[in-house]
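Undergrad: Now for the letters of each chain:
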Amino acid sequence: MSIKKFRPCGDFRTSYSSDMSLFQDKGSFYLTLFGIFLLLIAPLLFDSYIISLLIYIGFYGIAALGLNLLVGCTGQISVGHAVFFGFGAFASAWLSNKFFFPVWISIPTAAIMTAFVGLIFGIPAARVKGLYLAIATLAAQFIMEDFFSRASWFTGGVDGASAEPLKIFGFYFDTDEKYFYVVLFWLIISFLMVSNLMRTRDGRAFLAVRDHYLSAEMMGINLTKYRILSFGISSLFAGLGGALYGHYLNFVSIEEFNIQLSIFFLAMIIIGGLGSIRGSLMGAAFMVLLPEVMDALTRLLSDTSIDQALSLSSAIPFIKEASIGLVIILFLIFEPNGLAYRWGQIRAWFKLYPFSY
Amino acid sequence: MALDFLIQLLVNGFIIGLLYGVVAMAFVLIYKSSLVVNFAQGEFLLIGAWACWWLLAKFSLPFYLAFIFTLVFMTIFGILIQLIILRPLIGEPIISIIMVTIGLSIFFQALMNWMFGVFVEPFPKIFSTESVNLLGLEVQTVYIMSGLISLLIMISFAIFFKKSRLGLAMRATAFDQQAAQSLGVSVKQVFSAAWGISAIVSAVAGIVFGIVNGISSGIAFMGIKVFPAVILGGLDSVLGAILGGLVIGLLEHFAHYLDVQYLNVGNMIRIAPFYVLLIILMIKPYGFFGTKDIERV
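Residue numbers (the numbering used here), protein chains in the order written: chain E, 1 to 357; chain G, 1001 to 1297.
Here chain G stands alone, though its shape is the one from the complex:
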């Protein structure tokens, strides 16, 4: 019984971890290209999920249309945020950048609560079957779908950065801004593109999360949960973000198992990642894959 429960939790942890990985990837994308720590990443998820829900519920569009409209909207939204809010702050001290994204996060969370209410809204049904039997385990269809979507996003990211012109420009900018600029890469465009892509990816993650658990402002907490993942993997490593997300997802569900079975302290699923975060920061502040910041005087 206990073993079954553990495996069930670990499967859930794996799927949630993949989602964390996707959000962490979106976070790292912004940090890597424009050195902005986006505390409002969770709100991107929330806005994406609510936008899709609104299109589905109010206009009863088919899911794929609503999905595409949401993605288009989120691209424009991400680029506009970068243009209006973040561009005037280029070169400001780090506290200003952190605070402006925190301000964005409060603003949009309040706005979403105002527009859509504070209660959990379930997504309209998309799949007919509730759960499938996978190797003797009952796994919900939405979980499998969310895992597949996460993997799909990761693979398309890899292809995007390896093959496409914009992806290469973004990698070049992340590597050395001045060199990229002198080779004709428009750094401004790269910054906007990073925010746009990050907003799209977050919106997809938000929709998936909304389908699994229903939409509420709780989705925005994913934006905070992403910090343990990115610190574990290193703030500027996409691969590290995916692995970090997976590790955090598995670890928090394992902590939940320990909690339920032995410790009975409660709330471990929420708090355990932050203990990990503190420990990682103390022993290896640049994570496992991050670049070390070497300072010369």
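Pulled out of the complex, with its shape left as it was, chain E reads as follows:
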């Protein structure tokens, strides 16, 4: 892996190895290492509330990464990602409760099970695309939600399923600080996996399918295979995120994996940036922090005349929900390329300062 010392002013890659490198220059490599180091010591620095937010960002980030692979990289719109997230959570709980899998095995196993379910639900993608696919996945969302509510052998029905805390060699990951490292481990693994996937033939095939599927087919890319495969891989990460979620809360209820959660995931990747790997994490962080910010703003306004006029404090859930919708609309109109693009612009500004041309 050849890493350049300085970041070039444009796209001047001259060898295949530099084109394939994960990091464009030493700077971003060290920045990533530094970020991981900061995260490793985060439990020492912050209280458990911030750590729990980071955990949420972690598993939502993994699921958003999967969805971004599907929507952003392959161009297949899915409005039913939450059911895969939910399936992962239920599958992991089911494996550990019924078959006594240790939790650290049941989490990846559940992810793989979800991938197979995703392959099945990807079959419509072989036949329909674009808008029609979005509507098909919408139908799949409602059908799977219905399945969750009636398959009590799998999900526990209306009572929900309990998920045991993670335990390795007698060591319990039961507090937020300990579980944080589990999520961080899987987060790094997932991002490495997807970054590597996008450098392979299959990853480039995904991009080709997105950009112009007819040309892709003419170049010998099997459209059906890659569309279904994309669904499978995307569900793998959704299932992984879901399994981590289930074992974090130790309880999975059938109510949570509704269409709102699916839209929440879509909002993450739109805000982060479609087709951008680091954008998925940025979007997840944005969407997890947005309700907190709205909460803080509402509390800031409490007991003022605005609060009394609009009864803000009793309307916090609605304010949070409305803010999600509003943010989606505003980002699509004013920043359709997402946060990842903006981040790149900021970095370029520093890089090229003061002669940006």
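Where hints are given, some of them may not hold.
Stated by the list, open to error - Here are the computed lysine-lysine pairs in the DSS-like style, where the Cα-Cα straight-line distance is at most 30 Å:
no.	chain 1	residue 1	chain 2	residue 2
1	G	K1032	G	K1188
2	G	K1163	G	K1188
3	G	K1292	G	K1163
4	G	K1284	G	K1032
5	G	K1125	G	K1284
6	G	K1188	G	K1292
7	G	K1284	E	K320
8	G	K1284	E	K225
9	E	K225	G	K1292
Calculated directly from the structure, the hints in this document are not laboratory data. Note that this is a predicted model, so its numbers are computed, not measured.
With chain E held as given, fit chain G onto it using these hints.
TA: Below, chain G without anything else, positioned relative to chain E:
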């Protein structure tokens, strides 16, 4: 007994199906003229119903006045949505358009819940008699009224598109945007008009639905139920939308009958249309009346 129950359900299904048809028509109107898939159609119903309820309950206006005010408000609302939100997104990829309407849907649903609460509010009484006897069946007056209103909307639509200048301009734009533009049709105006009319029609459907069942955010689910109807009929066919709505209405009530009598699985009335939707998408993705998308390289 079982037969009576079936007929009762099918009558209900027919009336609800007519309503689905009306909403589907409003949906198709937007899709056909501006190629926008409106996931926020259900919220149009909700906003229309709440606006009318608010005028009735807070200002105790007579029903016809409240109704007219609601329609005026919804026209402006629909046009404003098109101008402010959808116009900047013309030419963007389909995912952006889908997401922006989803965003609208979340936003307005939360806003309505905030303003009017999450509980079901009954409409003030409009009819004195509860139900009438029709061929030996007890049918609620509101059901008959809603059926009549739906038919009225459909007929006025047909006349509007056949006779009026704006209707013809809209059909021309849907058929070929560039040709229409070169013949002097203002495509911008047509887009706005489509949203305005769609908002009016949705509001009427929302009010009717509110009178029948009371208003709650559940009305917005009609906007999701409309997808099976439009896919069945074809996304760009007004006639297909009406027929699709009718078929879905009848079918979900038939599924409910089967469910209650034989299967006992529950929740079929809600889920059955989506199974139909998936099957239709697999075997005939452009529906029964939709135009096939033929792609050339």
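Undergrad: Work down the list of hints and note, for each, if the structure agrees.
TA: Cross-check of the supplied hints:
The hinted pair formed by K1032(G) and K1188(G) meets the criterion: a straight-line CA distance of about 14 Å does not exceed 30 Å. Distance check on the hinted pair: K1163(G) and K1188(G) sit about 21 Å apart at the alpha-carbon level, within 30 Å; holds. Taking the CA atoms of K1292(G) and K1163(G), the gap is about 27 Å. The hint holds against a cut of 30 Å. The straight-line distance between the Cα atoms of K1284(G) and K1032(G) is roughly 19 Å, inside the 30 Å bound, and the hint therefore holds.
Distance hint between K1125(G) and K1284(G) is unfulfilled; the C-alpha atoms sit about 44 Å from each other, more than 30 Å. Between the alpha carbons of K1188(G) and K1292(G) the distance comes to roughly 26 Å, so the proposed pair stays at or under 30 Å and holds. A C-alpha spacing of about 40 Å is found between K1284(G) and K320(E), which places the hinted pair above 30 Å, so the restraint is violated. For the hint pairing K1284(G) with K225(E), the CA-to-CA distance comes to about 21 Å; that is within 30 Å, so the pair holds.
Note on K225(E) and K1292(G): the hinted pairing holds, with a Cα-Cα distance of about 24 Å set against a maximum of 30 Å.
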